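Going down the list, the sequences are from chains A and R.
Per the working numbering, the very first residue in the first sequence carries number 1; after that it's consecutive.
Per the working numbering, the very first residue in the second sequence carries number 1001; after that it's consecutive.
No lab work stands behind these hints, which were simulated from the structure alone.
Treat the hints loosely; a few may be bogus.
To be verified - Label pairs and their computed distance ranges (CB to CB):
{"id": "1", "chain 1": "A", "residue 1": "H67", "chain 2": "R", "residue 2": "R1177", "range": "20 to 30 Å"}
{"id": "2", "chain 1": "R", "residue 1": "D1125", "chain 2": "A", "residue 2": "R185", "range": "21 to 31 Å"}
{"id": "3", "chain 1": "A", "residue 1": "A83", "chain 2": "R", "residue 2": "L1398", "range": "47 to 57 Å"}
{"id": "4", "chain 1": "R", "residue 1": "S1409", "chain 2": "A", "residue 2": "D234", "range": "20 to 30 Å"}
None of these values were measured; they are calculated from a predicted model.
Idealized CB from N, CA, C, for every residue including glycine.
The residues making up each chain are set out below.
Protein chains: 2
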Amino acid sequence: MPIIAIVGAGFGGLRAARALSHAPARVILIDRNNYHLFQPLLYQVATAGLSPDEIAHPVRAILRNQHNLEFRLAEVTRVDLAARQLTLSTGSLDYDYLILAVGGATNYFGLDSVSKTALALKDVDDAVAIRNHLLRMFELAAQEPDPDTRRALLTFVVVGGGPTGVESAGAISELIRLVLTKDYRSLNFKEARVILLEATDKLLAAYPEPLREAAAETLWSKKIEVRFMAAVTDFDGSRVALKGGEVIPSRTLIWAAGIKAAPLVDTLGVKQARLGRVIVSPSLQLPDHPEAFVIGDAAYLESGGQPLPLVAPVAIQQAETAAENIKRLIVGQPLIEFVYKDPGSLATIGRNAAVAQFGKLQFHGFIAWVMWLAVHIYQIIGFRNRLVVLINWAWDYLFYDRAVRLISSE
Amino acid sequence: MPIIAIVGAGFGGLRAARALSHAPARVILIDRNNYHLFQPLLYQVATAGLSPDEIAHPVRAILRNQHNLEFRLAEVTRVDLAARQLTLSTGSLDYDYLILAVGGATNYFGLDSVSKTALALKDVDDAVAIRNHLLRMFELAAQEPDPDTRRALLTFVVVGGGPTGVESAGAISELIRLVLTKDYRSLNFKEARVILLEATDKLLAAYPEPLREAAAETLWSKKIEVRFMAAVTDFDGSRVALKGGEVIPSRTLIWAAGIKAAPLVDTLGVKQARLGRVIVSPSLQLPDHPEAFVIGDAAYLESGGQPLPLVAPVAIQQAETAAENIKRLIVGQPLIEFVYKDPGSLATIGRNAAVAQFGKLQFHGFIAWVMWLAVHIYQIIGFRNRLVVLINWAWDYLFYDRAVRLISSE
Chain A
1 MPIIAIVGAG
11 FGGLRAARAL
21 SHAPARVILI
31 DRNNYHLFQP
41 LLYQVATAGL
51 SPDEIAHPVR
61 AILRNQHNLE
71 FRLAEVTRVD
81 LAARQLTLST
91 GSLDYDYLIL
101 AVGGATNYFG
111 LDSVSKTALA
121 LKDVDDAVAI
131 RNHLLRMFEL
141 AAQEPDPDTR
151 RALLTFVVVG
161 GGPTGVESAG
171 AISELIRLVL
181 TKDYRSLNFK
191 EARVILLEAT
201 DKLLAAYPEP
211 LREAAAETLW
221 SKKIEVRFMA
231 AVTDFDGSRV
241 ALKGGEVIPS
251 RTLIWAAGIK
261 AAPLVDTLGV
271 KQARLGRVIV
281 SPSLQLPDHP
291 EAFVIGDAAY
301 LESGGQPLPL
311 VAPVAIQQAE
321 TAAENIKRLI
331 VGQPLIEFVY
341 KDPGSLATIG
351 RNAAVAQFGK
361 LQFHGFIAWV
371 MWLAVHIYQI
381 IGFRNRLVVL
391 INWAWDYLFY
401 DRAVRLISSE
Chain R
1001 MPIIAIVGAG
1011 FGGLRAARAL
1021 SHAPARVILI
1031 DRNNYHLFQP
1041 LLYQVATAGL
1051 SPDEIAHPVR
1061 AILRNQHNLE
1071 FRLAEVTRVD
1081 LAARQLTLST
1091 GSLDYDYLIL
1101 AVGGATNYFG
1111 LDSVSKTALA
1121 LKDVDDAVAI
1131 RNHLLRMFEL
1141 AAQEPDPDTR
1151 RALLTFVVVG
1161 GGPTGVESAG
1171 AISELIRLVL
1181 TKDYRSLNFK
1191 EARVILLEAT
1201 DKLLAAYPEP
1211 LREAAAETLW
1221 SKKIEVRFMA
1231 AVTDFDGSRV
1241 ALKGGEVIPS
1251 RTLIWAAGIK
1261 AAPLVDTLGV
1271 KQARLGRVIV
1281 SPSLQLPDHP
1291 EAFVIGDAAY
1301 LESGGQPLPL
1311 VAPVAIQQAE
1321 TAAENIKRLI
1331 VGQPLIEFVY
1341 KDPGSLATIG
1351 RNAAVAQFGK
1361 LQFHGFIAWV
1371 MWLAVHIYQI
1381 IGFRNRLVVL
1391 INWAWDYLFY
1401 DRAVRLISSE
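This is chain A alone, in the form it adopts within the complex:
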């Protein structure tokens, strides 16, 4: 039986594995983590609302009943397209077909100092590090006599006006103003600032104008300083420098300003487009290696003259197409081309506020927030996770609380 190797157990890799459940092949899924991460809620781990196990689910548990599947916990260090072989941290693996679903990595746009000192938000470790950092700033501020140092400890800068930046800034502001005010009675919360920096003049650029305006309004109403045309040039751990000379004293810089294709694809020796994404054919194959497919954030394909966005629905739909095409290759049928169906977008800005777009329908405020809740509860993998997340959200909503205010060791 042919071996189909799938690299990455994110939204794309997992869906591809499932779509191949009845394929006449050995499907081998490889990931460096033993869990699938529900990334859209990562910022809630970073802001103490959820614990990591509520948004991460063991891959083996998800795919337990799929009998043609093997899981390998390993890092893929090299792809030899010519020899059809993967080098893993635990050995090597020969494949007949390959699906690279390796996702994205944080893009610092060449800012070395920022890449070393800023906090990213891409995996569970990042999120836990942000949670620890935020809470530690408050503990230090509570013991800090110098007012300038204290203000720098209580200034939280988020960079990037995309969904991750907007959602993170909203959640941090609510963590501070609804929860931590009750924990730190000795602090003067007038000293606390949350600043969202966006290098262009648009928040949530993928959304239509009215929703973008509504999002900015909501952020302001939550006392978040929204700064447009503000590009970060340097961060040394205590001062954020902006283009134009402005300096913001702050101990915290959360970098949500961009992603790029995961670095593994840089080693393939194939043609890459913007953000390092690998150029694939409409059937999602590498031009010179028809047995190798790339999907999701790491793949570059245009739709209607625009590059496909780096979002989960693209990865999931491409997984279906790649799996279908491998099944067709096995039996010698002609391949299909990928067509993206935009399911709409949702972003939340905290309690009672979100923006949503489905085709020509637009929503914002409470109604969009309820949609956001419903969609996300539904999508979280595993019935127990859903139940526990629901309890946590209901509790937080009713009691203005966050459960997971633990500073763990790193």
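Fit chain R to the known structure of chain A by using the hints.
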């Protein structure tokens, strides 16, 4: 107003802080973590049944309504009894009264190699490290062609026949035989072993003979090899050496063989008894420093000719006495002496099995297990934690599952 410093937010320190809520004093509670840990369930974090936030609760949230209390997140590095001053990692603190509730630390009895390579089970980081390690052994075994190496990967040695060792061994065996068998279909679970090593001829030495026998029977029925008179002399990460020359190839040694007083008390320059515990007067004071109290695992006091055990009820009851005596010192009243009231003991050995002793009453099996559940659900701090723990336990019981099977980075 006088300053009362309490070092440690464990069972003793937390209770002392609460008991001083109406004292005419500034109460300053110091801990190196920002949470109180419900240690009796730590082994369930180590075996993927609970997540850390379910047994850890932020100190500030617990004591939010106590207006004479301040919390400081800091490590206490030095106690100057003569100057009545604490050196903290964040500065210094002068006190008028002191309660040292610093608890215990893992005791390796001078076995250097073991202290470097074994897994301890004393705090949240330890528990998460054990969880990661156990799951990683299975992932490595699933990819390991050599049968000898594979068997060593699947051999789990727990050292110590006290409650922690017995509960851990039981939980590991159930994790393997009820849950992981479903996740790793390619493994032959006949190769997996759980071994409990006890240096004396008794498990659960504090319990009466019939319960000790019942506990050993139950462990055997759960396919745990219980070895008496087995003293570990060395562990290099792949081989456990026993006194007498026996060698067990194993990658895992969980050390639950003993505790001692936390190392901070070694720096006090006062008289210490066995396990480094500080000798206190019947009113729990240091003989030459009547303003300084030591309680819990770090204090040495006899009751009925026997040293008091290193258990939570002693720490909690001593906290009440120490708090009362400080209030009496402030107003110049005569002090009271500590009298221990044994509330009984409970230890669980997994699904449907536990041993319990309350005075002359003894229970084992299902009835003791139900008592254990009720007592522990009741004791967990915070209504939400109780609810989530209850859901997790019910789910695990009904579906033979463990929720938190995540391998996180360390």
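>> To test your reading of the hints: which numbers does this structure violate?
In response: none
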